[in-house]
Amino acid sequence: MNKWKIILDYFLKFLTALILIFLTLIIIFKFTIFNKNYIKNNLKENNYYEKVYDSIKENMENYIISSGFSENILDNIYTNKDVEIAINNYIDIIFSNKKDKIDLSKIENKINSNIDEYIKDQEIKILDKDSITSLVDDLLKIYTNEIELYNMFDNYINLFSKLQTILNIALICLLIITIILIIVLIKLKIQNLGIIPFTSSLMLLYIRFLIYNNIDYKNILIITDNFSNCLVQIVTKIVDLILICGIILGVMGLIAIILDSRKKNKKKE
Amino acid sequence: MNKNIIKEIFTSVGISFFFLAIFILIIYGGFNKKIEYYSSLINTVAVNGYDDINKFEYDYETQKIVNYPDYGKKYGNLKISKINLNLPIYHGDSLSILRKGVGHYAGSYFPGEGGTIIFAAHNTANFFRRIQELEENDLILIETEYGTFKYKVNNYKVVSEKDLEAFSIQDKREILIMYTCYPINRQVVGRRTQRYVVYAYRISDEDE
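Those sequence lines, one after another, are chains A and B.
By this note's numbering, the letter at position 144 of the first sequence is numbered 144, and the numbering carries on one by one without gaps.
Here this note's numbering = 1-based position in the second sequence + 269.
Source of the hints: derived by calculation from the structure; they are not laboratory data.
What you are looking at is a predicted structure, and each value in this text was computed from that prediction instead of being measured.
There could be a bad hint or two in this list.
If you want the footprint, here are the derived chain B segments under chain A, 3+ residues with CB under 8 Å [to be verified]:
| id | region |
| --- | --- |
| 1 | 277-285 |
| 2 | 362-375 |
| 3 | 434-442 |
| 4 | 455-463 |
EDC-like mimics (lysine to aspartate or glutamate), calculated; alpha carbons at most 16 Å apart, straight line [to be verified]:
| id | chain 1 | residue 1 | chain 2 | residue 2 |
| --- | --- | --- | --- | --- |
| 5 | B | 276 | A | 75 |
| 6 | A | 44 | A | 58 |
| 7 | B | 343 | B | 414 |
| 8 | B | 272 | A | 58 |
| 9 | B | 343 | B | 362 |
| 10 | A | 141 | A | 108 |
| 11 | A | 51 | A | 148 |
| 12 | B | 369 | A | 137 |
| 13 | B | 369 | A | 61 |
| 14 | A | 98 | A | 148 |
| 15 | A | 264 | B | 402 |
| 16 | B | 421 | B | 434 |
| 17 | B | 351 | B | 404 |
| 18 | A | 57 | A | 108 |
| 19 | B | 419 | B | 362 |
| 20 | A | 268 | B | 277 |
| 21 | A | 106 | A | 137 |
| 22 | A | 267 | B | 277 |
| 23 | A | 263 | B | 277 |
| 24 | A | 99 | A | 58 |
| 25 | A | 266 | B | 402 |
| 26 | B | 351 | B | 277 |
| 27 | A | 98 | A | 154 |
| 28 | A | 57 | A | 75 |
| 29 | A | 141 | A | 58 |
| 30 | A | 81 | A | 61 |
| 31 | B | 342 | B | 412 |
If you want the ones that stay clear, here's a sample from chain A, every Cβ over 10 Å from chain B, calculated [as the list claims (entries may be wrong)]:
| id | residue |
| --- | --- |
| 32 | 72 |
| 33 | 92 |
| 34 | 112 |
By construction, the Cβ of each residue, glycine as well, lies at the ideal position given by its N, Cα and C atoms.
Can you build the whole structure from these sequences, using the hints too?
Structure below.
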């Protein structure tokens, strides 16, 4: 075989293997962290909605202690379902890059109604209406902070949206390039294509090794425990998927290498 | 499987490992610093479980604590005999901590360190409702695993919640600041925008 053909052979195989790992990683991200329904299912599996409900309840009760009101003013101001809907709406806002805010009118009205009832029952004279308004605002802030994770994502919504777009464009481009490369490989009658998926497999396993050994993702603690647990689960799933794809590509590549070798050997015989 | 086939397989696998070596070289050559940077960024938010702190290490010479308790851990007791108060002290002053006892503001010094210590608690009957009864020279005791520290009240006042000067932290003298939401009166409802603050300075056993 001509020297340049050998170099081209190696180069095309290496390039295709590289493109294959990028394709794999993009597909993994598209079906996990950039998939709204995957995120919502993950939250459900981790009882995230219930935990946020409990956290809101606890924080509001803790807050109300010094206010002179009893905890009764917090009765029935929101339900588990309200929390789930609010969180899902917030996820939709992140994914759609809208500037919407969650609707607090129902909770606000309920708190005000409970406060009015309490004041009437206890025959309390209100000297400073502003202090009641401030209290209601603080309670609504507790609710919003737990749902919107203290506005952590507000600064990143644009970036997240851009990443989604980049990922979609990259996926299409890489698919086109892959098809072109496969056509070129077939036209040039390059043999032993099993090396491509086997090399991709080794690269993916190496990437997984790098992540596992350098990033302590299992102990991430950010904003709240509930959120961190879900995040750790998602990251662990991504790392596991990289491993699984690596193994599948490795097995496919090995089988293709063995079949190609046997075919070559038969031709020689 | 004959020798030629095995040879072919090994050659192909060898080529794959060769490609892997080039890939590793590209990563280390071109992206090593970025990998280190982003890894360390993520690792700053990775916390390796909390160890239970049962014993403090307090250096009596430098008057500094060597092993601080984890946030949320109980480390002592606050006792004020005049108002029949005996409460656990926790490191941190989050709302959930204040539900259990006295919260120690994490940015202030610890008892025995010679600086400002800031304690907060709710204004309810179980906690700081009666601190309004404290007067000058009343005694306060903080018992910790590394020692017992005594303080005498020397001032008390009502301040706005936004008055940061009332809670300024210094390291020249050991001062205990205890505060709670004001008005303490349960007949007044609504958001508390003031704080009732009690100041006490550390005394030795001879001064008591």
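>> I'd like to know which numbered hints this structure contradicts. Please list them from smallest to largest.
In response: 3, 5, 6, 8, 12, 15, 16, 19, 24, 25, 26 and 30
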